[in-house]
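Undergrad: Can you make the complete structure from the sequences, with help from the hints?
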Amino acid sequence: MPRLYCNAHRPRRVRVEGFSLITAVVALLFSAAAQAELRVSEGWVRAAPPVATMLAGYGVLENAGDTALQITNLTSPLAGHLMLHATETLDDGTKRMRHVGVLDLAPGEQVALAPGGMHLMFMRVAHVPAVGESVPVCFTVSTMLEDETTEIERCFPLTVKRD
Amino acid sequence: MRNQLLIILITGVWLLAGCGEPAQEPLPVNTRMGGEFTLVDQDAKPFESSQLAGSVVLLNFGFTSCPDVCPAVVARMTQAYKALEAQGDAAGVQPVFVTFDPARDTPAHLNNYLQWFHEDFIGLTGSDAQIAHVASLFGVIYLQDGEGDVYDFTHSDYVYLLDQQGRVRKVYPADFNIEEVVRDAASLL
Numbered sequence: 000m001p002r003l004y005c006n007a008h009r010p011r012r013v014r015v016e017g018f019s020l021i022t023a024v025v026a027l028l029f030s031a032a033a034q035a036e037l038r039v040s041e042g043w044v045r046a047a048p049p050v051a052t053m054l055a056g057y058g059v060l061e062n063a064g065d066t067a068l069q070i071t072n073l074t075s076p077l078a079g080h081l082m083l084h085a086t087e088t089l090d091d092g093t094k095r096m097r098h099v100g101v102l103d104l105a106p107g108e109q110v111a112l113a114p115g116g117m118h119l120m121f122m123r124v125a126h127v128p129a130v131g132e133s134v135p136v137c138f139t140v141s142t143m144l145e146d147e148t149t150e151i152e153r154c155f156p157l158t159v160k161r162d
Numbered sequence: 000m001r002n003q004l005l006i007i008l009i010t011g012v013w014l015l016a017g018c019g020e021p022a023q024e025p026l027p028v029n030t031r032m033g034g035e036f037t038l039v040d041q042d043a044k045p046f047e048s049s050q051l052a053g054s055v056v057l058l059n060f061g062f063t064s065c066p067d068v069c070p071a072v073v074a075r076m077t078q079a080y081k082a083l084e085a086q087g088d089a090a091g092v093q094p095v096f097v098t099f100d101p102a103r104d105t106p107a108h109l110n111n112y113l114q115w116f117h118e119d120f121i122g123l124t125g126s127d128a129q130i131a132h133v134a135s136l137f138g139v140i141y142l143q144d145g146e147g148d149v150y151d152f153t154h155s156d157y158v159y160l161l162d163q164q165g166r167v168r169k170v171y172p173a174d175f176n177i178e179e180v181v182r183d184a185a186s187l188l
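First to last, the sequence lines map onto chains A and B. The opening residue of the first sequence carries number 0 in numbering that gives the first Met the number 0; numbering runs sequentially from there. The opening residue of the second sequence carries number 0 in numbering that gives the first Met the number 0; numbering runs sequentially from there.
Derived by calculation from the structure, the hints in this document are not laboratory data.
Once the Cα atoms are required to be at most 20 angstroms apart in a straight line, the calculated SDA-like pairs of lysine to any residue come out as:
(1) Lys160(A) - Pro114(A)
(2) Lys94(A) - Ala134(B)
(3) Lys81(B) - Arg182(B)
(4) Lys81(B) - Asp162(A)
(5) Lys169(B) - Asp91(A)
(6) Lys160(A) - Asp174(B)
(7) Lys160(A) - Gln78(B)
(8) Lys94(A) - Tyr57(A)
(9) Lys160(A) - Trp115(B)
(10) Lys94(A) - Ala74(B)
(11) Lys94(A) - Ser135(B)
(12) Lys160(A) - Ala74(B)
(13) Lys44(B) - Gln93(B)
(14) Lys169(B) - Ala185(B)
(15) Lys94(A) - Tyr150(B)
(16) Lys160(A) - Gln114(B)
(17) Lys94(A) - Thr153(B)
(18) Lys94(A) - Pro172(B)
(19) Lys94(A) - Ile140(B)
(20) Lys160(A) - Lys81(B)
(21) Lys169(B) - Thr93(A)
(22) Lys81(B) - His117(B)
(23) Lys94(A) - Val170(B)
(24) Lys169(B) - Ala82(B)
(25) Lys81(B) - Arg161(A)
(26) Lys94(A) - Gln143(B)
(27) Lys94(A) - Ala131(B)
(28) Lys94(A) - Asp151(B)
(29) Lys94(A) - Phe175(B)
(30) Lys81(B) - Asp119(B)
(31) Lys160(A) - His117(B)
(32) Lys160(A) - Ala129(A)
(33) Lys44(B) - Ala102(B)
(34) Lys44(B) - Glu118(B)
(35) Lys44(B) - Ser126(B)
(36) Lys81(B) - Asp174(B)
Chain B residues, not near chain A, derived (Cβ > 10 angstroms throughout):
(37) Gln23
(38) Glu47
(39) Ala85
(40) Ala89
For every residue, glycine included, the Cβ atom is placed at its ideal position computed from N, Cα and C.
TA: As structure tokens, this is what we get:
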């Protein structure tokens, strides 16, 4: 059963030098969650007609920590279902969408979600938000150290913008 | 001698004037695409392609449940059309969106969807056979992925510029340059 930490109570970073091996392992386990630091910048949701049934969101995801992380799930109060998708161009020039189940981010790595590429796909939207409205998006961030998997949820606001 | 100098001077001025604003080459006619079609418009009325005669047309195919590519293309078409409005050329230009998802994109839904972008948009749907026919005229590919209520399409996303006789004069990628489209459309007026 993965452990779940809320943002306000993330484990503190612990220095390990000079302690016993057990202490060091425990400290590393606790520090993993703290160092898996997901950041989202320039986040936005494409404004759409009130009758739109699907919405797309974009931004830059960055692993600002020094531990590899995975984004394993997405939620938003706006959508009944939120997924990470990638628009791919095939050899004949046609476009298709592919579901990205898990996104790996190495330490320091940035991945841009941009129109025509990888994007957040909001399905079963409760309402179509207006331009300027803020849409919360929560990412389940998973890190693994030794055999221990730690999950935390990080939420960021995305602003609705018109193309 | 004075006459020779005068001729050289006049020739130089003429050449310089010509270099300053090069005339745009006429856009070639694409003879492999286009043709007559019948569809259904956003008011649920039959729509003949002949109704577009006399207008320069910006044409795109897509579906409104598409969250990434399709709305971005329609938004760019809207930006191009607004730029044509700003320079007084929009009256001769008609933006048109054809859905290849008639099951979900009913006339009323198309109307509500497109009006949000611009009230001058024409939205077209039709029977599966009618849509397959018009798609074949423009080399549009659309393949349904999935079934039931949740499905998607693998599809092409080009934008077509048609002249006042309905002939295809240029085909643009989805991320077309707006200034280029505005310039090309204006050149056909």
